[in-house]
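Colleague: Heads up: take any position in the sequence shown, counting from 1, add 13, and you land on my numbering.
I should point out that these hints are in silico values taken from the structure, not numbers from a laboratory. Computed from a predicted structure; not experimentally measured. The beta carbon of each residue, even a glycine, is placed where N, CA and C say it ideally should be. Don't take every hint at face value.
Claimed, not checked - Distance condition first, Cα-Cα at most 27 Å in a straight line; then the derived BS3-like pairs of lysine-lysine:
hint : residue 1 : residue 2
1    : 605       : 574
2    : 400       : 330
3    : 95        : 400
4    : 594       : 579
Said to hold, decoys possible - Simulated DEER-style distance windows between Cβ atoms:
hint : residue 1 : residue 2 : range
5    : 444       : 97        : 24 to 34 Å
6    : 232       : 138       : 35 to 45 Å
7    : 669       : 402       : 41 to 51 Å
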Amino acid sequence: MQTHFLSIFVVVLLCSILLSAQPLTLPALFSDGMVLQQRTDAPVWGTGTPGTAVRLSASWGITAHCTVGADGRWRTTLRTPKAGGPFSLTVTHGTETRTLTDVLIGEVWICSGQSNMEMPMRGFPPNELIAGAQEEIAAANAPQLRMFTVEKMLSLEERTVTNGAWLPATPANVPEFSATGYYFGAALHRALKVPVGLIHASWGGTPVQAWTSEAFIRQHPLYMDAGPMLEQTRKEHADLTAWLASLPSVDVGPNRASQDWSTVQFNDAELMQPAHPDSSWRSMDLPRGWEWTEVGAFDGVVWFRKKVEIPSAWRGKELLLELGTIDDMDATFVNGTMIGSMLTGSPWNIERRYTIPASLTADSLLTIAIRVIDFGGGGGLWSTPDKLSLSLKNSTERMSLAGPWRYRAVAEIRGNTAYLLDPRNNTSRPAVTRQFNSDHPAVLYNGMIAPLVPYAVKGAVWYQGEANVSDPAGYEGLFPLMIRNWRSDWKRDFSFYFVQIAPFEYGPVAHSELLREAQLRTLSVPKTGMAVTLDIGDSVSIHPANKKDVGDRLSRWALAKEYGKKVEYSGPVYRSFTVKKDVVILTFDHAKGLTLRPETGKPLFQVAGADGVFHPGTATVKGTTVIVRSAAVPQPAAVRYGWQNVVRGTLFNAAGLPASSFRTDTWDN
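Required output: the full structure, derived from the provided sequences and hints.
Modeller: What follows is the structure, given as structure tokens:
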């Protein structure tokens, strides 16, 4: 009997040992070709078998030791030398050994934000391209400029791992990397002549609160009582995730903006056919973003169908189908035949105008079917009713298609996966009272920033703000909070340089000048800097083509503040004003060579009296001051510059750097 129990004990002990044994793993950041920050104690971490000794041996002559903790994690620091390489780093874990090769030591920066940081060197074709990109890509030959793109990931819990790889700057690799990030890194690489590593983590259409940790976001007045809501969201989405995992799925790849969606199969081919029954489908009035319907904040694939009776005089003739803008992608069919599509790039703001060939209009009844793919932010047909129509080609005869359409969701996109929905079991989908998407507080910090902590970096560059343009007052508190959050988690007050949002026609409701002002005020946070883009915006595209100047202006801040280079890093910054009789005298910092370029639209300087009514002003430069007057305001009290959505900056210094929009008053704040 004792022998029997002893045998059982030995078996249990062996099983316990085997179950606790874990192979050595390293985060993707620690891989061949990586760049480590020079002259610092660089954290290195991973997982392994609890209690196992870990030894790091670097070819630059430094070793480090630690032991895997009870939770299976280990972490140590490795002293790095001055910039150079390539080196190797060998990690030993018990009897396991892994050697990382082609390791460089240099300057490491995080590049983060929303779509203007995400926008790759190849642009968002077909219409939103990067100016000069073809020549820049062809000339890219910088093996010591390395790029790491963090996998897009939403998470309600802080993650510890991410996918990605370090790639050298070559014509093959540069097209898919952030254009702003690349131009910034290339400028540093040229000026410093040392290896540069860029870690790119961005997601289009996302607000600053998504990039802030839950612990910090709850310090903001808007989110102080958000604990129960966030906990409920976690529980609901854990149930939803489990349900989705039970469905068939297809991989849609990590870079959804560059994905060719024509190759993705959703098992929905019959939905375009006229004979397909759609009487059980739900109804939605179009045009309308589906976030404002019972669909809610949904990323995925939705079909819209409408049967249209055309006039007999139109039969057998070419017709024009106008759908307005569709967010993000579409494939459009008439009577089962595709007549047009936009399935690559980022065509969310492009109006769809498709010709229906005469061969499809022989019968009076047309079945229009639109497959809409939305992979982030808002989804659906967004235009005004007058943009949704059917007309006789080359004629003024038209009929409105605004109003009720049938719709059905066929796939839900989460991360890199599209889960295929079955109308027979969609009723079993767990109820979700608060949608979980890229707008949700903390989800991008959890999924894309937390896995990077505490990788040694010199600083961060940031291009974001468009998604917060409707709440500039909130942004004024949230943005500095996020900066403090990142610095706290890295335990370093690293430099944080950001881009002021560019002019764009946001519409009459939004006041992007107030968001720009909130960003301008963020300069009061220590070790921050702002690249102004008031001169390179695009009224019809929220993604300006000129990213070279953006990257260059960010690099000027880093070169001057971090590396001691004697370069001008800021455009003119408004400092004070004085009223003398009928003129206002404005003073500026960074005003060497102050100049005014010709205005191309309505005057950028506006003057108001005590009544608060602003009138066009005229401005002249005198040394480092600007003198502003308006014949309509004999007793001026305030001046504003560039105080509207769409402007083209005219005030520059000798370095060719523009001034931000600004105001001397605090009215209507």
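Colleague: Run every hint past the structure and note whether it holds.
Modeller: How the hints compare with the structure:
1. 605 <-> 574: holds, 19 Å
2. 400 <-> 330: With a Cα-Cα distance of about 21 Å, the restraint between residue 400 and residue 330 holds, given a limit of 27 Å.
3. 95 <-> 400: Measuring from Cα to Cα gives roughly 60 Å; hence the hint is violated.
4. 594 <-> 579: violated, 40 Å
5. 444 <-> 97: 24 to 34 Å: violated, 57 Å
6. 232 <-> 138: 35 to 45 Å: Since the Cβ atoms of residue 232 and residue 138 sit about 41 Å apart, the hinted range of 35 to 45 Å holds.
7. 669 <-> 402: 41 to 51 Å: For residue 669 and residue 402 the Cβ distance comes to about 46 Å; the hint holds.
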